[in-house]
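Number of protein chains: 2
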Amino acid sequence: MNIFSFKKIVVYLFIVSTSLSISTANAQVIFDSSKTNQYQLVAEQIVSSALNEQKGYEYLKNLCRLGPRLSGSRNSLMAINWSKNKLKELGCDSVWLQPVMVPHWERGTTELAGIINSKKFNGVSLHISALGGSVGTPPEGIAANVIEIKSFDDLKQNKESVRGKIVFFSSAFNQSYTNTFKGYSESVQKRVYGAIEAAKYGAIGVVIRSVTTKYDTVPHTGTVQYVDSLIKIPAVALGNVDADFLSLALQEDPDLKLNLILDCKTLPDAKSFNVIGEIKGSEYPDKIIVVGGHIDSWDVGEGAHDDGAGCIQSIEVLDLFRRLNIQPKRTIRCVLFINEENGSLGSKEYSRFAENSEEYHLAAIESDRGGFTPRGFTIDTKSEGVLARVKSWLPVLQKAGIDWIRKGGSGPDIRRIKNTKALFGYVPDNQRYFDLHHSANDVYEEVHPRELELGSAAMAILAYLLSEEGLE
Amino acid sequence: MNIFSFKKIVVYLFIVSTSLSISTANAQVIFDSSKTNQYQLVAEQIVSSALNEQKGYEYLKNLCRLGPRLSGSRNSLMAINWSKNKLKELGCDSVWLQPVMVPHWERGTTELAGIINSKKFNGVSLHISALGGSVGTPPEGIAANVIEIKSFDDLKQNKESVRGKIVFFSSAFNQSYTNTFKGYSESVQKRVYGAIEAAKYGAIGVVIRSVTTKYDTVPHTGTVQYVDSLIKIPAVALGNVDADFLSLALQEDPDLKLNLILDCKTLPDAKSFNVIGEIKGSEYPDKIIVVGGHIDSWDVGEGAHDDGAGCIQSIEVLDLFRRLNIQPKRTIRCVLFINEENGSLGSKEYSRFAENSEEYHLAAIESDRGGFTPRGFTIDTKSEGVLARVKSWLPVLQKAGIDWIRKGGSGPDIRRIKNTKALFGYVPDNQRYFDLHHSANDVYEEVHPRELELGSAAMAILAYLLSEEGLE
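For the record, the sequence lines run as chains Z and F. Note that my numbering gives residue 719 to position 299 of the first sequence, counting from 1, and the numbers run on in steps of one. Note that my numbering gives residue 876 to position 456 of the second sequence, counting from 1, and the numbers run on in steps of one.
No lab work stands behind these hints: they were computed from the structure. Treat the hints with caution; some may be incorrect.
Copies of the same chain look alike in the list, so a pair counts if it fits in one copy or across any two.
[Stated by the list, open to error] Cross-link-like lysine-lysine pairs, in silico, BS3-like; alpha carbons within 27 Å at most:
no.: 1; residue 1: Lys475; residue 2: Lys602
no.: 2; residue 1: Lys827; residue 2: Lys811
no.: 3; residue 1: Lys570; residue 2: Lys475
no.: 4; residue 1: Lys700; residue 2: Lys838
no.: 5; residue 1: Lys455; residue 2: Lys508
no.: 6; residue 1: Lys504; residue 2: Lys570
no.: 7; residue 1: Lys504; residue 2: Lys838
no.: 8; residue 1: Lys481; residue 2: Lys504
no.: 9; residue 1: Lys691; residue 2: Lys749
no.: 10; residue 1: Lys768; residue 2: Lys508
no.: 11; residue 1: Lys570; residue 2: Lys652
Using the sequences plus the hints, can you model the full thing?
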């Protein structure tokens, strides 16, 4: 598009804004019109401040530059400390740490997968990443033939051929769905349960094709599960390029062996914390609206989208209230949960606290789907009245690029909070998320400042409306 | 997000898909239910084929690797030829070139902006890009003091100080709007009209801060206009970093001079072409549905988003019909317009042809807002009935990630086609577009395969529904 069409754009903008106000008029708006004007104005201020100042984007850089933040690691404690100080610096009414014991797994320093026993491919080394929680190997590694397997059914059919081998789950992410979370939910099973299924038939190791939409050499980690009744076998991921290579190499030379050396290990549980900061409500201080994400990340990349973005957006909600001198009627509380990636113990601890507290948790909003451009909010509520009421707020939320509010799940950390009126999931666009999820690709530079900030603004507007209107 | 929440995602997907079908049931669906099923099925096939095969993404690489495609250039003819061959290869019923005479401006080989007459900054060279259509300078360049100006009002107020100087329009893109096209439409005036306004008061050159949302050293080009009644003065753009530097340098040393050397020039008009290919309608071959973008681009980068993406999506609409063996009832015609960037002569030629043709142009769909993730379609129609009818198709279009259909402008190339029932603009997300628009940043690697393909799918579904249902 050039700018001979400049006047046309102005007309277009006019028409879009007109049609938005028309849809405002048509929608079943529950608050009265004087409030509508006030809410629209505050929403515009929130959006404008977020987009112009891009403070959250600056905070995200600070957070990311501490390095990845796996539960139990030194980095995770630095990130917790950084977040606590940031919340204090923004002028929260109170900031505290909530202790949580978390698992402590370390990748170690050695991750090698070399091809041996092959004339053609000897010495070729694949790029691997141990799956989170994987057992290590003896120092000399394990060396075995590799059997390529497409699915758990395929594994069962070939169970006689698996013993003593390394199982290579080679099937790719199904790209055919518009919603990448659907492809993810299918593919990820081999990552989570592959080591259990393979061990059933005597495999001594597992290699998976990474659960990713990106075609490159970068492996994507994530939790692998074990059961005590079976031998725990080492499990690693390959990027798509290396997976394709291994597949071709096996076709040419089925006798090749893979020598896998990992020194990852699980240490005793470690002390960690949820980070909490809040602005007290002026009228109903005991009615709580949580905004949150998880402060831990996998130990590769910087956890920029997963879930640095969600943490920063939650922090920035409070920051926007302070910057714009908005006094909420109900308390807005930012909760940065620890240990979402491998245990959700922060989520469990906070929900226990919420249940035993004198306060009433009115609602919660979670951001844990990346820092991409806003699309909508899902709402988990039992009340059709609440659903209708929140849907009537759409014209205000549209100021931040929110196109819809739909029934749906909320998020992995807030979903345990009981007796709320509504739990919200912030839903950004998902096309790029699994390009970088759980990998070295998930760095600050992959987050777009405007997209991140619109998410902060969308969450702040929703928190503001909840704090003004309540859902009682 | 990790995958302990895997089951929750499945529940979420179920709920989302359920609520989608509920909204289908509630919407005023005009086609009957047997057709609804057929349309949903075809839409799913289109989306799945686009996302799995990613053919368009491959075609885009081929197109981009030819280099930028400014009207009149050798590259533009290569791109026209490539497109014609691609349309033939896909098995169109007919493919032809429509001759158009176009302007022919060449950047040349020298673009220099050096600071002189300054103790501190002597020898510093700024990264510049001549604006499209700019006159060149004498071989030794022009050297003059620089006056920093914020706006046309500011220019007027300082008109006495402008004579003999280079005017530096330094104000930045207004980032505060959710819709970046709004910030663009404000900022771009200094680029389009800056040389006219400055020449009125005797300036000898113009430097603008690029009209971009990105903070880097890359300048963004685009058309500058002149009028015959005033001297035509050279005009160039600076990236944001260089613009900030120049601003600071001027504060420290207001006497510094800029030496500007450009050997760009305008050559005689050149022969060029619109590229047209079509699949004939089986029932109404004379009823035409146009899908299009513009094949020319600026002469920096690769014109990947602007508008390689739109061309490839339009080509891929036909490709998807052929791949999936869908026989349209009405004719689907892909038109790749030449010269959108600096004259729109391809658009004018095609609309003349359409007006004089025996055929009836039922509708047209344009993609010229980048190859980003789909958001919606704008529709330019005078008929409320047509609007309501197209809106009832939303549940089918949602398969490709389309969240809304709104009244609005269509696109700079199709908007001249007369007597249609409706003109559609494909609207992808706009947060990243002006990071790369008209600059060296606009390359193939900046296009995301899934986002591009969802655009192809969205346009193909809309073209399919138009071809089946008509709008008569």
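Check: Among the hints numbered above, which are violated by the structure, and what are their numbers in rising order?
Finding: Hints 5, 6, 9 are the ones this structure does not satisfy, whereas the remaining hints hold.
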